[in-house]
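Colleague: Sequence:
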Amino acid sequence: MKDFYDLSFKDTTGNEVSLSDYKGKVLLLVNTATKCGLAPQFTELEAVYQDYKDRGLVVIGFPCNQFADQEPETNETIVQVCQLNFGVTFLLSEKIEVNGPHTHPVFLYLKSHSKSMLGKDLKWNFTKFLISRDGETIKRFAPTTKPNALRGDIEKLL
Numbered sequence: 002m003k004d005f006y007d008l009s010f011k012d013t014t015g016n017e018v019s020l021s022d023y024k025g026k027v028l029l030l031v032n033t034a035t036k037c038g039l040a041p042q043f044t045e046l047e048a049v050y051q052d053y054k055d056r057g058l059v060v061i062g063f064p065c066n067q068f069a070d071q072e073p074e075t076n077e078t079i080v081q082v083c084q085l086n087f088g089v090t091f092l093l094s095e096k097i098e099v100n101g102p103h104t105h106p107v108f109l110y111l112k113s114h115s116k117s118m119l120g121k122d123l124k125w126n127f128t129k130f131l132i133s134r135d136g137e138t139i140k141r142f143a144p145t146t147k148p149n150a151l152r153g154d155i156e157k158l159l
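Its first residue numbered 2, the sequence shown is counted upward by one per residue in the numbering used here.
Simulated from the structure, these hints should not be mistaken for laboratory data.
Keep in mind that a hint or two might mislead.
To be verified - With a cut-off of at most 30 angstroms between alpha-carbon atoms, the simulated BS3-like pairs for lysine-lysine come out as follows:
1. Lys124 - Lys24
2. Lys157 - Lys24
3. Lys11 - Lys24
4. Lys26 - Lys140
5. Lys124 - Lys140
6. Lys112 - Lys124
7. Lys36 - Lys112
8. Lys140 - Lys11
9. Lys26 - Lys121
10. Lys54 - Lys140
11. Lys112 - Lys26
12. Lys26 - Lys11
13. Lys54 - Lys124
14. Lys147 - Lys112
15. Lys96 - Lys140
16. Lys3 - Lys112
17. Lys54 - Lys96
18. Lys147 - Lys26
19. Lys124 - Lys96
20. Lys157 - Lys3
21. Lys121 - Lys54
22. Lys140 - Lys3
23. Lys26 - Lys116
24. Lys3 - Lys96
25. Lys116 - Lys11
26. Lys24 - Lys121
27. Lys121 - Lys157
28. Lys36 - Lys54
29. Lys140 - Lys121
30. Lys124 - Lys26
31. Lys112 - Lys157
32. Lys116 - Lys24
33. Lys116 - Lys147
34. Lys116 - Lys140
35. Lys3 - Lys54
Said to hold, decoys possible - Pair ranges (Cβ atoms, derived):
36. Gly15 - Lys157: 34 to 40 angstroms
37. His103 - Lys54: 30 to 36 angstroms
38. Glu17 - Lys54: 18 to 24 angstroms
39. Glu98 - Asp4: 18 to 24 angstroms
40. Ala69 - Lys157: 31 to 37 angstroms
Think of the CB as a built atom: it goes at the ideal place given N, C-alpha and C, for glycine as much as any other residue.
Start from the sequences, fold in the hints, and give me the full structure.
Modeller: So, in structure tokens, the structure goes:
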């Protein structure tokens, strides 16, 4: 499998974003959905991002509609909804799949390089992956783990 920094994704406007652009940064990657009951986590994710971005934290949301159709927005409207409803300024990708035969390569990598007691597949929206500055250490957090609970782990990596 590729190195983490060999991977890329498209943002909501279709521009290719290379993870190599984030070498030396701590990354928090999250599969998101605007209509999910956990969507208030967007607000906490934004707060964590604002608190640590100047120290090298990058938060990227990956909208996904695989769990109970909770991401009905289009790539064009996801950013607007996230900004209006949750104040999100961090980067969002185009809608992707995180499980199944069309799993996005970023999530194939994350799932194969992290541990979960519930198996490799994501079980719900807002599963979080914290990646160290060297792209080697990947820690996985459950959907119900609130972003503020990751602050200690983020501090250690920064």
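Colleague: Lys96 and Lys140 were given as a pair; does the straight-line alpha-carbon distance stay at or below 30 angstroms?
Modeller: The given pair, whose Cα atoms are some 23 angstroms apart, holds under the 30 angstroms limit.
Colleague: Does the alpha-carbon distance linking Lys157 and Lys3 stay inside the 30 angstroms limit?
Modeller: holds, 26 angstroms
Colleague: Is the straight-line distance between the alpha-carbon of Lys24 and that of Lys121 30 angstroms or less?
Modeller: holds, 25 angstroms
Colleague: Keeping to a limit of 30 angstroms between CA atoms, is the pair of Lys11 and Lys24 held or broken?
Modeller: holds, 18 angstroms
Colleague: Does the alpha-carbon distance linking Lys54 and Lys124 stay inside the 30 angstroms limit?
Modeller: holds, 28 angstroms
Colleague: So if I understand the rule, the pair passes when the alpha-carbon distance is 30 angstroms or less; does Lys124 with Lys24 pass?
Modeller: Holds, because 28 angstroms separates the two Cα atoms, which is no more than 30 angstroms.
Colleague: Given the hint that Lys124 pairs with Lys140, test it: the Cα-Cα distance must not exceed 30 angstroms.
Modeller: holds, 16 angstroms
Colleague: Within 30 to 36 angstroms: is that where the Cβ-Cβ distance between His103 and Lys54 falls?
Modeller: holds, 31 angstroms
Colleague: Keeping to a limit of 30 angstroms between CA atoms, is the pair of Lys147 and Lys112 held or broken?
Modeller: holds, 20 angstroms
Colleague: Given the hint that Lys121 pairs with Lys54, test it: the Cα-Cα distance must not exceed 30 angstroms.
Modeller: holds, 29 angstroms
Colleague: Given the proposed pairing of Lys140 with Lys11, does the C-alpha separation stay at or below 30 angstroms?
Modeller: holds, 23 angstroms
Colleague: For the pair supplied as a hint, Lys116 and Lys11, is the alpha-carbon distance within the 30 angstroms limit?
Modeller: Holds: Lys116 and Lys11 sit about 26 angstroms apart, inside 30 angstroms.
Violation of the numbered hints given earlier is absent; every hint is satisfied by the structure.
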